[in-house]
Structure formats: structure tokens, C-alpha cells
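Assembling the complex is the task here: the two chains are given apart, and the hints tell you how they should meet.
Those protein sequences? They're chains V and R, same order as listed.
Residues in the first sequence are numbered consecutively from 1, following UniProt numbering.
Residues in the second sequence are numbered consecutively from 1, following UniProt numbering.
Heads up, some of the hints might be wrong.
Calculated Cβ distances over 12 Å to all of chain R for the following chain V residues [said to hold, decoys possible]:
id	residue
1	78
2	88
3	223
4	404
5	436
6	481
Which residues of chain V face chain R? A partial, calculated answer using Cβ under 8 Å [to be verified]:
id	residue
7	59
8	67
9	114
10	116
11	160
Don't read these hints as lab results, they were simulated from the structure.
All residues carry an ideal CB built from backbone N, CA and C; glycine is no exception.
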Amino acid sequence: MSGTVFDLAVVGAGPAGLSAAVVAAETGLRVALIDAGTQTGGQYWRHPDEHHLDAFAQPEHTGHHHWGHYRDLRDRLRRQVAAGRVDHRAGRQVWRTDGPGDAAAFLLRTTAVAGRDAVSPDERAIRARRVVLAPGAYDRQLPLPGWTLPGVMAAGGVQAMLKANQVRAGRRAVVAGTGPFLLSVAAGLARAGVEVVAVCEANALSRWAATPVRALQEPGKLLEGAGYAATFLRERIPLRTRSVVTRISGDGRVSHVTIGRVDAAGRVRLGSERTVEADLVALGWGFTPQLELVVGIGARTRVDVDGSLVAVVDDDQRTSVPGVYAAGEATGIGGAVQSCAEGELAALAAAIDAGFGVPSARARGLRRRIARGRRFAVGMHRASPIPAAWSTWLEDDTLVCRCEEVPVSAVRRTVGDLAADDARDVRVTARPGMGMCQGRVCGFALSCLVSEQTGRPAGSADLEPLVRRPVGTPIRVADIAALAPAAAPVAPADPDDPVAPAGVAPADLAALGKESS
Amino acid sequence: MSGDAAGGMFAFDGTPVPFQPGQSVGAALAASGVTAWRTTRGAGEPRGLFCGIGVCYDCLLTVDGLRSQRACVTPAGAGQDVRSDDPGAPLASPTTTDGGERR
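Just chain R, same shape as in the assembly (with noise of 0.2 Å):
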């Protein structure tokens, strides 16, 4: 039930991942094994995909340098720039790279 390449690839941190067409970007992510992508502001803890829906905001990354994108109502697209997010860098920065402080 895993993603195989009918779909494609996009660039997970500069890693290819793959995908089904019409998957999310998180659901892709969680097939290709990968559960956290966003640090928290004040703890810096990981965080991944919780309510799956839309809800929660917990799932946010940065796709094509758009940032806080859930990435669970995020459609996965062949060629896509997706970073993990760090809610707390500047927003002047376009992209962000993931905080790298986890506990």
C-alpha cells in the first residue's frame, strides 16, 4: 500500500520521496516511513501528521517556498520543493530549513 513510482516523486529536505497521484504530501511522507517534519517554538519538539483532517495545524512544512502548508490536505505533486517548517524562523525567509534543536 506504499507509494511506488506511478505517481512520482517530490523532494522531501532535498531527499526524493514518492507518491500516488491525489495523495497528500503527508500521507506520502508517512508511507516513505518519515513521521516528524516541523519543530515546536518552544520546546523544539518534533512534530508530524496528528488529526489527518485539516484541524490541527500540527502537519505544517513549506511546499515551493510557501510556508505552513498542512501537509495533510496538501495534494503531493511530481517535482515539489517541500521543507520541513520552523514555525519560528523570520517569516522574511522564504524557505526554511528544519530548527535542528531538537531535545
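Next up, chain V with everything else stripped away, as it sits in the complex (with noise of 0.2 Å):
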């Protein structure tokens, strides 16, 4: 297998990541599918184990939309594998993407995403000729009083929780943040048993009004809406719409939560702020794509409407780099439906790319569906935006960087004392975004600081160092020493070739040990 170069490789098991898998093997392509999850489904259709339903209390699509749509392409995958067009690697998380190069075929390195990795160095890397990128994204974080204590979570852990554990993180939950996901962490926390005791939600709603055209575009969004809508009014949910979450406290995990009312802005009303009782907090501010892969092999990025970091791509989901497509929200957050359309699209765009005879009316169709989407998209992103005063929540000692637990007055004085004029310059500098998770919970927080200090806005210039790592996601040092290995020189190394014989440039290294020590 080692030898194997495939026509294909997908990089996530998501609605795109899977629909390109599907339709690029029905097309004929040979294709790795690697996917960080042991079943495919992504976050959106995360669900039990499939093994051991009959363990689980509820139904695995319990809490689903569109499960009939995953059922579908779960059943086209297994015929797939099956025939042997698609290699399955689960459980597996790519670290890294070299260019084909001379090679003609793109290098993936992976690394097992829990235990030891028992599989031989070069049974891991995968050798593609074409890459599809389908990596997702994560919720979005802001920082506030409060947020690292234990029973504080992501809107989205929340949810994987009960749909793929069937367990409730805590009894009484405030959900909050901003955009149509909330209601559906709130109606699933809900149907669970756990009392929500609010949902803020820090726009108004009325802000949708300015989009109806776009709402009736998508009649399935509509329905949806009203489903949570019930859902509400059945379990008695309050919705505090221009509200926020203005402090969490608790002896060693949460007992109190502050809410207040907002203005436009943001700013918290005086007087308006009251403490409710809950155990479990649930944030999201939208989601962030997960970019490490697309900047790291070089692909051209732009700032989206909802000031997301998401690759560039052309009307059929090619990147600037020649052989790699980028599928879902990687190109912009747009839900599932939008995803697998894209992946679809990617694969055709992959298969036409390769010689192989594709339909054109199918791609037609999915570039209007497409289209479409994103104009839903730029709607929902415009009704629930980051509100512009968020930072008047923070207090001095509020941390920012969870890992390196840097405070907001750390940042601020590495902008106003010490000058630093970027969030680059910022993180190398206060550490923000050094620790594990390299960033990717404080990197829009913190870009979003920097931004209203210097008085500059961030582009894909200052986004872009903060998601460029020459390892895509922390690994074993061992993953490190088997490199030599995976690249399997033929020729002596020529002693000026930057590039060392392991396809691993010194550069990369001395890099890798600044951003990591």
C-alpha cells in the first residue's frame, strides 16, 4: 500500500470531505479519504458509535438534519471502499502537505489522532496526485470574564457531546454568543433534559429582516428556523435577543452566570446586568475555518464577509495552487448543505482536472445551488456579526491565550508600550497563541484587539502567520524522526539543497522549534 500513489486524497470526513470522496470514487478516481473522526460524519453529523448503537439510549440521528442525506452517502462510501476505490484512514489527522514537486504527487503526513501511533511511518503518509482540502472549522471564540473555568464550553463540544455521546455536560446551561447555531445547541441541550436558562443572543433579530429574500432563497433554513422555533416555545427557552454573557464565576467550575442587555454596539446597559444559576456555559461567535493546511501548501486567502480567514477559490473549488481544491467552510462558513455541494463540485473539478468524463450539466447545477448558498451565507453573516464593542466586556486580567494564559493586558500593553503593530508581533512577543492549541481558540480574538488598538484593520496579511505552521497540528517528537523514512530519497542530498533528504526544509525546522518552545 505504501506505494500507492492515489488519483485523490481528501482531507476530512465532513458533508464536503465525504461528498467529495463519494462522487470522486464514483467518477472513477482512486482516493484516500483521511479523516481526524473514527466514523465519517465531521462535527455536523457526529453521532454514536456505529458499532454499538444498540448501547445508546436514543437513535443515532437523534438531534440531525439532513441524516438522510449522510445515511446516503455513508451507504455509497462503504460500497466505495469496498470495491477498493476508497482507502478509509480514520482516526488519522494530517500534519502536513508538501507540493508534488518533481514527484508529481502531493505528500500528506499523518499522525494518529489518539494513543500511539502503531502504523509504520510510510504506511502513513499518503501519496495523491490530487488533494482535496475539507478540513471544517471549530466555534468561534471571544474571551471573557470567566471562560476558562471548568463548565464553560464551546457551543459545538456542547452538541458533539450529546450527539455523538449521548451525554449532557451539565443540568442547567446558558447558551450564548451569536447566530442560528445557538438554537440549535439550546433545542438539542433541551430535548436532552438539561434546563436552558437562556439563550443570548447578542444581535436582534430583526437584523435577518434586512435579508428576507435571501431566508426564502433557502426554504430548508426557513424550516429549520421554525422547527427550533417550536422547540422554544415547547421546552419554554427564553431567547434574550442584544443579549450577552458578561462574566462567569464559580469556585472551581461554574455556578454563576451575569447576563446584560446590549446596545447595537455592544455596550452593555447600565443597570441591566442580572446573575442567573447555571453549570454549563455554551459559546459560539460562528465558527473559524480551519486554514492550516490551505496557507500551509500555499494557497491564496482572503478575509470573508464575517471576517473569517477562508481560502480562495475559483467557480469550481480549485485553490491558486495547481491540484488542490478546497471544499465547505474552508472557502466560507456556510453550513452543510453548502458543503456537500462544494465537495461535490471539488471532486468533478478533480475528476475533469484528471482526464476523466464528467457531466457538465451536473456541475451547472451545483454552481447555481452554490451560488445560492453563499448568497444565504453573506445573509446569515451580515444578521450576526461580532458585535463592534465586545472588548468593553474584558476586564485587565481576563485571559485571552487559554494555553499560555495571557491576560487582555498583556496584549494591550505589548501594542501601546512595546509598539508591536500586528498580531504577529503580538504573539511572538506576550505569547498569545504559543501554547497547544498554536492560536486557533485566541487567534480571532486576539487579531480582532491588535485591530481596534492600532486602529487597522486585519487582513489575510495578518491572519495568515497566525494559522502558518510548518506542522499543521501538534504531534509526537517521534512523528518528527519519522520523516526520514516517509520521503524515501533517491539521490544524495546536494550539502547547499535547502531542502534536507527528508523533504523537511532546516528552515521549517528552526521554525517549528520557535513556535513550539
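Listed below in C-alpha cells is the structure:
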């Protein structure tokens, strides 16, 4: 297997990646599907262990939308795996992708998500002529006083606990942030028997009124919204708009949550704050696309309507790097339906580029659907922006970076006194974003805080350095030690060659040492 | 919805914790009411699950002597020896106990 060069490697088995892998294989390509999860579905279709469904109280589709579509994709994937056209590498994360160079194939290096990596380095490296990157996204976070207390979780994490584990992360919950996803999480918690004390939506729902045409173009979304409304009424969940959590407190874990009303800019209205008892807080401010592999492979990026760094793609999901396609949230947060269409189109484009015949009507239909979905997504982002004045909720000692425990005062001092003038400067000086998560959680907030103080909006040139990592996910030293056999060089290395025989540029290793020290 | 004996048990700092097959270590701990199993290097603050999907690295713990495992993406297994983690402990130590310096 180690000598195999796949026609296509798909990274991620969520809606976009799963669609891409299935469609590519059905078109005739030999596909490697690499995914961190032990089973397909990504974060959106996370579900209980398929081998032990009887051990769970609720059926696997509990709390899911478009489950029929997922089941269809899963069945089709199983057929392709059985036919030997898809090699599904589950429980593995790609930590680096190297361009084809002279080898005419990309090299994707993977590591085990959990436990020791028992697979040989050669077996776990994947070679492919083309790559679809469908890495998905995770909850976008803003720091606030007390957000590091146990019992405070990302909204998506709370939902993952419900969907994949059928576990309630608490008994009394506050759900807060912005965007329609909060409704989904609150409804799921209520259905699982959690008392949802409040759902705090920072924006006014009237913002959606500005985009009625966009909403009407996506009747599925309207239906979904109506479903949540019904659940909220039935479960008596209080939805508080223009409301935010201003402080979370407790001794060793969450016990109290302070909620305040805000004006249109996000400033807390004087005297509006009140405190409720809760043991779970679910926070979500939209999503952050996972861009390490996109940036790592050298593909062009841009800043999307919601302020996220996303991959630039053409009308067929091609990135600026020949042979590399991006699909799903990495091209702009748009939801699962959009992701499926993008994944399919990326697969068709890869098939066309590889010389396989594809009916052109199918691609045209997908392009139209994607354009419509994109218009809806833009409306959604405009209806659920990050409040401009969110940083007024912070206190000097509020931690911006959870890993390195860097307070907001240190970030502001670095910009003010030390004249750091972009997020990267602040990062290397005050160390926010230098811990284990490497800025995945605090990167967005950090760039906002720096922009606020410098008065210069963050562009892709500011955001890219926050996700540019020679090693895309934390790995064990053994994985680096195992690099040499993976590349299997045939010619002896020229001492002046900047690229070592192992395929790692010395500069990369130096940068690695700097960033993780 | 909490775990029962159908899946099995692992040991968390010596205490048995039940889990369903396929559940993550973090989910099983949460189902048992455990919310924190790590202390931070700087302030010694307790931490547990945050992102819940393998991104934030807040939920690290030691599984069968292997340090820095993410509780949220590590499948629970019968008979596992799971220990709370202290990332500041010397690397030479194969397993660590709780830092014990909670404020």
C-alpha cells in the first residue's frame, strides 16, 4: 500500500469531504479519505459508535438534520470502500502536506489522533496526484471574564457531547454568542433534558429582516428555524436578543452567569445585568475555518464577510495551487448543505482535471446551488456579526490565550508600550497563541484586539501568520523523527540544497522550534 | 443518558468510571460529573473540556502512561488507566498525578 499513488486525497470526512470522496470514487478516481474521526460525518453529522448503537438510549439520528442524505453518502462510501476505490484512513490527522515538486504527487503526512501511532511512517504517509482540502471549522470564541472555568464549553463541543456520546455536559445551561447555531444547541440540550436557563443572542433578530429574499431562497433553512421556534416554545426556553454573558463565576467550576443587555454596538446597558445559576455555559460566535493545511500548501486566502480567513477558490473549487481544491467551511462558513455541494463540485473538477469524463450539466447545477447558498451565507453573516464593542466586556486580567494564560492587559501593553503593530508581533512578544492550540482558539480575538488598538483592520496578511505552521497539528517528537523514511529520497542530498533529504526545509524545523518553545 | 455498565469501566486517578462503547474519555468523565482533570502551568487553574472536538488541547490527560492525550477525542476503553495531567511535570515522568496546587 505504501507505494500507492492515489488519484485524489480528500482531507476531512464531514459533509464536504465525504461528498467529495464519494463522488470522486463514483467518477472513477482512486481516493484516499483521511479523517480525524473514527467514523465519517465530521462535526455536523457526529453520531454514536456505529458498532454499538444498541448501547445508546437514543437512535443515531437524534438531533440531526439531513440525516437521510448522510445515510445515503455513508452507504455509497461503504460500497466504494468495499470495491477498493476508497481507502478510508479514520482516526488520523494530516499534519503537513508537501507540494508535488518533481514527484508529481502530493505527500500528506498523518498522525494518530489518539494513543501511540502503531502504523509505520511509510504506511501513514499518503501520496496523491490531487488533493481536496475539506478540513471544516470549529466554534469561534471571544474571551470573557471567567471563560476558563470548567463547565464553560464551546457550543459545538456541547453539541458533540450530545450527538456522539449522548452525554449532557451539565444540568442548567446558558447558551450565548451569536448566530442560528445557538438555537440548534439550545434545542438539543432541552430535548436531552437539560434546563436551558437562557439563550443570549448578542444581535437583534430584526437584522434578519434585512435579508428576507435570501432567507426565502433557502426554504430548508426557514423550516429549520421554525422547528427551533417550536422547540423553544414547547420547552419554554427564554431567547434573549441583544444580550450577552458578561461574567462567568464559580469556585473551580461554573456556578453563576451574569447576563447583560447590550446596545447595537455591543455596549452593556447600565443596570441591565443580572446573575443566574448555571453549571454549563455554551459559547459560540460563529465558526473559524480550519486553514492550516490551506495556508501550509501555499494557497491564496482572503478575509470573508464574517472576518474569517478563508481559501480563495474559483467557480469549480480550485485553489490557487494547481491540483489542490478546497470545499466546505474552509472556503467560507456556509453550512452543511453548501458544504456537500462544494465537495461534489470539487470532486468533479478534480475528475475533469485528471481527464475523467463528467457530464457538464451536473457541474452547472452545483455551481448555481453554491452561488445561492453563498448569498444566504452572506446574509447570515451580516445578521450575526461580532458586536463592535465586545472588548468592553473584558477586564484587565481576563485571559485572552487559555493555553499560555495571557491576560488582555498584556496584549494591550504589548501594542501600546512595546509598539507591536500586528497580531504576529504580539504573539511572539506576549505569547498569546503560542501554547498547545497554537492560537486556534484565541487567534481571532487576538487579531480583533490588536486591530482595535492600532486602528488597522486585519487583512489576510495579518491573519495568515496566525495559522501558518510547518506542523499543522501538535504531533509527537517521534513523528518528526520518522520523517526520513517517509520521503524515501533516491538521490543523495546536495549539501547546499535548502531541502534536506527528508523533505523538510531546515528553516521549517527552525521555525517549528521557535513556535513551540 | 449517562453511562452504565454496558460499555465497561476505566480508572480515573484510581476511581472506576463507567462508559458506553464509543464514548470519549472526556464524555464519560463528564457523564460522571467530573469537569476538571488538569491544572494550568501558570496559575494552577483547573481545566477540563472546552472545545470538545480536539482543537483546543485544554482537556489533556494521561492514558495508560501516554501523556497529553485529548480527553475529547480519545475513545474510552475497558481497563484504561486514566490520570489527571500536569503539563508542567518533568517529561521524564511517564505518568503524573494531579498538580494539587489549585488556588
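Cross-check of the supplied hints:
No beta-carbon of chain R comes within 12 Å of the beta-carbon of residue 78 of chain V; the shortest separation is about 18 Å. A cut-off of 12 Å between C-beta atoms confirms that residue 88 of chain V is not in contact with chain R; the least separation is 17 Å. Against the 12 Å criterion, residue 223 of chain V stays outside the reach of chain R, whose nearest CB is about 27 Å from its own CB. Listed as outside the interface, residue 404 of chain V is inconsistent with that label: its C-beta sits roughly 8 Å from the nearest C-beta of chain R, within the 12 Å cut-off.
The claim that residue 436 of chain V lies off the interface is violated: its Cβ sits roughly 4 Å from the closest Cβ of chain R, which falls inside the 12 Å cut-off. At roughly 15 Å, the least C-beta separation between residue 481 of chain V and chain R is larger than 12 Å, which holds for a residue marked as non-interface. For the restraint placing residue 59 of chain V at the interface with chain R, the shortest Cβ-Cβ distance is roughly 13 Å, beyond the 8 Å limit, so the hint is violated. At a threshold of 8 Å, the smallest CB-CB gap from residue 67 of chain V to chain R is about 18 Å, leaving the interface hint violated.
For residue 114 of chain V, the shortest C-beta to C-beta distance to chain R is roughly 4 Å, which falls under 8 Å, so the interface hint holds. Interface hint at residue 116 of chain V: satisfied, since its Cβ lies 6 Å from the closest Cβ of chain R, which is below the 8 Å cut-off. Annotation: residue 160 of chain V was flagged as interfacial toward chain R, and the flag holds, the nearest CB pair being 5 Å apart, inside 8 Å.
When each numbered hint is compared with the structure, violations occur for hints 4, 5, 7, 8.
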